[in-house]
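Novice: Spelled out, the chains give:
There are 6 protein chains.
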Amino acid sequence: MTDFSHLDPAGGARMVDVGAKPDQQRVAVAEGRLTCAPQTIALLRAQALPKGDVLTVAKIAGIQAAKNTAQLIPLCHPLTLSHVDVEFTVADDGIGIRATTRLTGKTGVEMEALTAVSVAALTLYDMCKAVDKSMSIGGIRVVEKIKK
Amino acid sequence: MTDFSHLDPAGGARMVDVGAKPDQQRVAVAEGRLTCAPQTIALLRAQALPKGDVLTVAKIAGIQAAKNTAQLIPLCHPLTLSHVDVEFTVADDGIGIRATTRLTGKTGVEMEALTAVSVAALTLYDMCKAVDKSMSIGGIRVVEKIKK
Amino acid sequence: MTDFSHLDPAGGARMVDVGAKPDQQRVAVAEGRLTCAPQTIALLRAQALPKGDVLTVAKIAGIQAAKNTAQLIPLCHPLTLSHVDVEFTVADDGIGIRATTRLTGKTGVEMEALTAVSVAALTLYDMCKAVDKSMSIGGIRVVEKIKK
Amino acid sequence: MTDFSHLDPAGGARMVDVGAKPDQQRVAVAEGRLTCAPQTIALLRAQALPKGDVLTVAKIAGIQAAKNTAQLIPLCHPLTLSHVDVEFTVADDGIGIRATTRLTGKTGVEMEALTAVSVAALTLYDMCKAVDKSMSIGGIRVVEKIKK
Amino acid sequence: MTDFSHLDPAGGARMVDVGAKPDQQRVAVAEGRLTCAPQTIALLRAQALPKGDVLTVAKIAGIQAAKNTAQLIPLCHPLTLSHVDVEFTVADDGIGIRATTRLTGKTGVEMEALTAVSVAALTLYDMCKAVDKSMSIGGIRVVEKIKK
Amino acid sequence: MTDFSHLDPAGGARMVDVGAKPDQQRVAVAEGRLTCAPQTIALLRAQALPKGDVLTVAKIAGIQAAKNTAQLIPLCHPLTLSHVDVEFTVADDGIGIRATTRLTGKTGVEMEALTAVSVAALTLYDMCKAVDKSMSIGGIRVVEKIKK
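Residue numbers (this note's numbering), protein chains in the order written: chain F, 1 to 148; chain X, 149 to 296; chain V, 297 to 444; chain U, 445 to 592; chain L, 593 to 740; chain E, 741 to 888.
Keep in mind that the hints were calculated from the coordinates and are not lab data.
Beta carbons are placed, not taken as given, at the ideal position from N, Cα and C, and that holds for glycine.
No incorrect hints appear here.
Just a sample of chain F residues kept apart from chain E, beta carbon distances all over 12 Å, derived:
#, residue
1, Asp-17
2, Thr-89
3, Ala-130
Cross-link-like lysine to any residue pairs, in silico, SDA-like; alpha carbons within 25 Å at most:
#, chain 1, residue 1, chain 2, residue 2
4, E, Lys-885, V, Val-312
5, E, Lys-761, V, Asp-313
6, L, Lys-740, L, Val-619
7, X, Lys-281, X, Leu-191
8, V, Lys-444, V, Thr-376
9, E, Lys-873, L, Thr-699
10, U, Lys-577, E, His-823
11, F, Lys-145, X, Lys-281
12, E, Lys-885, E, Val-769
13, E, Lys-873, L, His-675
14, U, Lys-577, V, Asp-313
15, V, Lys-317, E, Thr-844
16, F, Lys-148, V, Thr-376
17, U, Lys-577, V, Val-323
18, X, Lys-293, X, Glu-235
19, V, Lys-443, E, Thr-844
20, L, Lys-737, X, Gly-167
21, X, Lys-296, F, Asp-132
22, X, Lys-281, F, Pro-9
23, L, Lys-613, U, Pro-522
24, L, Lys-698, L, Gln-617
25, E, Lys-846, E, Gln-764
26, X, Lys-169, F, Val-131
27, U, Lys-465, X, Val-177
28, U, Lys-465, X, Pro-226
29, U, Lys-465, U, Lys-592
30, V, Lys-402, E, Thr-844
31, X, Lys-281, F, Thr-107
32, V, Lys-429, U, Lys-465
33, X, Lys-296, L, Thr-672
34, V, Lys-429, U, Lys-550
35, L, Lys-737, X, Pro-226
36, L, Lys-740, X, Pro-226
37, U, Lys-591, L, Asp-615
38, F, Lys-148, F, Asp-17
39, F, Lys-133, F, Phe-88
40, L, Lys-698, X, Pro-170
Sequences are here, hints too, so could you generate the full structure?
Specialist: As structure tokens, this is what we get:
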């Protein structure tokens with residue numbers, strides 16, 4: 001039967017007990033996108049891309065957020081991630097974000113990857129908001145999840 | 149001239165100095181959406197909506213994240229928000245999220261509203277991920293910003 | 297000989313070295329109570345119990361605090377808890393709180409359970425303080441501790 | 445009519461909007477107690493009181509927790525406390541804890557005082573738990589609240 | 593009489609009460625230095641300076657740490673900094689670090705500037721430690737403090 | 741070939757993937773020093789050493805910072821330290837600081853030891869800054885690193 005693992009039969013919130021799960025190698029990849037005006041990308045390319053700090057600041061924010069996921073999302077378990085990476089693809093009307101998280105442990109790491117993407121996107125938004133009031137963040141989803 | 153306030157002329161990151169700005173009443177409203185399978189919403193309605201804990205957990209996560217924005221987004225200023233609210237609209241194929249933030253201070257609060265929406269969406273995703281592997285988060289944007 | 301493990305022979309604080317301890321399954325259960333006026337419980341039952349958000353907000357606060365115990369209590373070791381649960385019993389003159397924490401690791405988890413109870417109680421206090429100035433929190437203690 | 449300020453009419457959680465409140469001098473004093481076996485106090489007096497680190501560690505933990513209250517208690521507002529103090533009274537069967545918090549701001553600081561007491565008590569518990577399995581924490585309450 | 597403001601007459605720790613102090617414009621500048629082997633700087637220049645991410649990562653870490661000072665240093669007051677900047681000077685045998693912090697408030701911001709320098713230096717150390725085991729961090733001091 | 745493990749070939753920041761490393765016992769020892777005026781040490785000895793709270797507050801701050809290293813230094817992995825110790829040596833013109841960190845895990849713990857020393861030094865600085873404007877922090881380095 002289909003089951004919301006974080007909900008009890010009465011709809012109450014619960015943190016899953018992962019204590020009996022085996023330690024396995026786990027990888028997750030998530031993606032998302034900041035969509036902005038083409039002029040914003042043109043300005044970034046003129047002033048701050050590829051060599052300025054914009055993408056580096058967003059990468060660091062994403063990595064730090066991945067490590068902090070259990071403090072942000074109430075029912076997530078604390079994890080000791082072995083790896084986080086955040087990469088960007090600059091297009092003419094936005095910036096694609098892709099985060100990879102790895103762990104040998106008892107629970108999947110897709111929330112950590114999604115959190116890295118989300119906070120990297122928010123950080124890009126913050127750095128561009130003075131020149132573009134029409135940006136949006138979307139397409140945040142898991143694109144790969146491996147357990148072995 | 150158009151200007152990235154968080155970038156110096158060489159593209160370097162910088163935190164804006166807001167010390168000379170006046171204290172003003174500031175409000176921001178942001179929205180976003182978790183899109184999921186209609187069956188997921190049907191299951192939530194059967195098991196956990198409107199009276200279960202799902203939306204409350206996401207609301208609390210969003211409020212806490214808004215208060216924590218300056219720790220998540222590197223160039224954001226620490227703020228003492230006077231109000232945060234997070235509301236949800238359950239549709240047949242997703243859940244809409246709307247966050248409002250308020251402050252009397254020197255800098256706008258849209259990053260706090262966007263962060264509340266993002267983390268509330270991630271929290272909903274976390275609670276539904278056991279039953280739906282195809283969800284995505286999108287449409288995160290500022291819908292209102294007031295300064296008076 | 298009886299020994300304060302967190303104190304050196306001169307009374308100085310020290311963090312115990314748990315590196316040589318074996319990984320074991322560990323469970324702790326702690327309890328506590330918010331005592332309030334019967335009228336406060338009556339009002340909660342009329343306006344917000346059992347279906348409002350009061351207990352859920354306190355549960356989430358308790359779970360988050362348990363995960364954050366090592367940041368709150370200086371000599372506690374950082375842990376990666378596998379499970380936290382917080383339950384409530386509403387009586388006529390107060391609310392009982394019971395927290396359970398689990399871990400496979402080198403050190404017991406009773407401080408995490410006590411922290412969950414304490415912060416859940418503070419959160420209940422916060423939500424009721426506008427209607428009741430005479431509340432108190434007490435009876436916080438460990439009721440079960442298992443190692444196997 | 446009596447009102448839970450943190451609850452909406454349907455019992456939903458909400459963070460009060462304090463933006464329209466005036467800045468006032470606010471003080472709160474809270475108390476609590478760790479109750480333990482007389483032998484535990486005798487041992488502390490022999491090994492670690494009054495000159496060892498026990499009370500200092502608990503004081504620091506309480507001060508840090510007071511500053512961190514808005515991260516612990518979901519509906520509390522972030523504050524910039526101007527003062528926190530934590531004092532102890534060692535009795536024959538326990539340790540009394542008293543915390544004072546001060547602020548010039550828009551909202552009261554009793555939750556910060558209660559949090560300081562609670563975390564100081566948990567820290568004392570942690571330092572004594574190796575010699576005493578029967579301790580409890582109680583009597584946590586506000587004893588003074590001033591606004592001027 | 594000379595006085596340790598953070599110590600009571602018995603040598604006990606205390607957090608100063610700044611509530612009665614006026615709000616003033618405050619600036620602090622601190623400096624420090626990571627000293628390393630000339631070959632390390634040569635390698636950095638070949639592979640990662642001036643355009644790689646090394647200095648940007650350290651800058652972001654310093655800014656974030658400055659905002660987090662009151663959580664790191666027990667008797668520091670929580671502040672809402674209006675500005676933090678961190679700059680670097682690359683020499684042949686090390687990297688100089690200079691941080692500036694600003695606030696309109698009741699207490700000085702030199703601890704925030706010193707913290708930014710320290711954590712930026714630690715971050716540089718972390719990024720270079722795989723190639724240089726002989727590095728050291730020093731010269732951390734306040735070079736300017738203004739109140740007006 | 742010499743390699744900056746935290747940098748990719750283009751100088752970009754990256755978090756090393758430690759997932760394939762074996763769990764080993766790891767120890768690191770770091771040292772540093774707060775240099776101050778002899779009169780400051782004389783005053784501390786008269787008012788607050790050896791029995792006052794000064795060194796205890798700095799020790800606790802150092803331990804807490806060690807546990808928090810991965811939140812402070814962007815590319816550090818989250819760790820669950822099994823032990824942290826911070827010791828002080830009071831000289832006539834300064835205070836020496838020595839921190840030891842231990843872990844059974846996949847990555848070294850020297851950044852945790854260096855962070856403990858740095859934050860303990862900043863805490864001492866904070867407590868003495870009212871009486872001495874000429875202090876500096878230096879000599880922060882790793883003095884021992886063991887893996888077995």
